[in-house]
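Just so you know, the protein sequences line up as chains A and B, in that order. Using this note's numbering, you'd call the opening residue of the first sequence number 22 and step up by one each time. Using this note's numbering, you'd call the opening residue of the second sequence number -5 and step up by one each time.
It is possible that part of the hints are untrue.
As the list claims (entries may be wrong) - List of simulated lysine to any residue pairs, SDA-like, C-alpha gap at most 25 angstroms: (1) 84(A) / 208(B); (2) 83(A) / 235(B); (3) 72(A) / 39(A).
Said to hold, decoys possible - Computed footprint of chain A on chain B, listed as stretches where at least three residues anywhere in the stretch have a Cβ under 8 angstroms from a Cβ of chain A: (4) 192 to 201; (5) 205 to 214; (6) 220 to 229.
It should be emphasised that the hints constitute simulated quantities derived from the structure, not laboratory data. Please read all numbers here as calculations on a predicted model, not as lab measurements. Glycine residues also receive a C-beta, built at the ideal position from the N, C-alpha and C atoms.
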Amino acid sequence: MKKQSQFIRFIPYVLLLVSTILLYVNSHSAINKLLFFVSIGLVVGILLSIKDTGSKMILKDKKYRIYVFLFVLSSISAIGSMMFTLFEISNVLNIIILAVSATFLLLVVIRYQRLRH
Amino acid sequence: MKRIFVLFASVSLLFFYQGCNKENADYLSSQPELPYLEHSSNVKEYKSFVSSSLNIIFQEAFDGENINEEQALIFLDNLKPQILNKTDLKTVSYLPFYPIARSNTTEFQIDEKTLMENLTNNQYSLVLKMLNSETINSSFLDAIRMEALLITDKAERQLVLDIVDAISITIEEILSYTTSDGESYFTRSRQKSKGEVFACNVVSGVVGGIFGFVFGTISGPAAPVVAPVVTTLVAATVSTYAC
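Excised from the complex, chain A in its bound form (with noise of 0.2 angstroms):
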């Protein structure tokens, strides 16, 4: 459990470093409006890390980890759609993935509060 949790804090700072790589390279694209938004999340998500939210033991919870890991996949499939409509979201699926993403992100939030409680 002490791993996982290590693994989860130490995410942002690799995905900070590649999307920033990402970001200079890709200087002539969509892309990079994008990865600017992803690094800047990720820089939210360290400070967060930082700040040390709640309790690891949550973490043991499996519905927890499965609607996160749902949020998560969930949301990846949103910002490739995204991507794949070229930086649109007026496209009906695309509604529907942000929705679907939306709705993880919310059962993610219900359970940490009434874990919490």
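Using the hints provided, position chain B relative to the given structure of chain A.
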């Protein structure tokens, strides 16, 4: 140490992003200026708009020539592969920078059902060619003009130049087309300056960051993973609509 790293990373990213934006702006400023349009919500006018556009093409290009519409379409169909086979024209102009170039080209929303109801297949195909911003825009027409100058047969060369001029005039006609109420069918939107776009994207990033922080905080120990994803999705959404 971590805080210093985060601060350093944030500042570096802003500099990188500004650098990337400058390169994009330099590229775009080196390209011919293309019209940027917003589509009107009134689709009822399509029929007359399409007919008038077609009429202009054939009046301008083939007036005085003993050529019917079908022959004209065959001629255009034959001409197209010759032009498109010069793949370097399209590749150099668009492909490496397609997503960026696209946001600055003419975009038309086509009500395909309405068009199909009112036009024959050939006409429909021609209209799509004419309105397709990927193939027919001012820089592409200039490229065709340059190619046409190499045609040795004088009559054929003149015919190609006439067609190109006709399409140019048609595009201008589309721009100035008005509805029965006298309102412009398409409105020319003011393009945001480079600074405005940059500021808008940074604000989108900050808004996304706030959402990421809030949702990261209330979602528990998975915050370092949840926050970046929420930030990216919110920032990208805000940016798409606002910038």
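Query raised in the report: Which hints, by number, does the structure contradict?
Result: The structure conflicts with hint 2 only, although it agrees with all the remaining ones.
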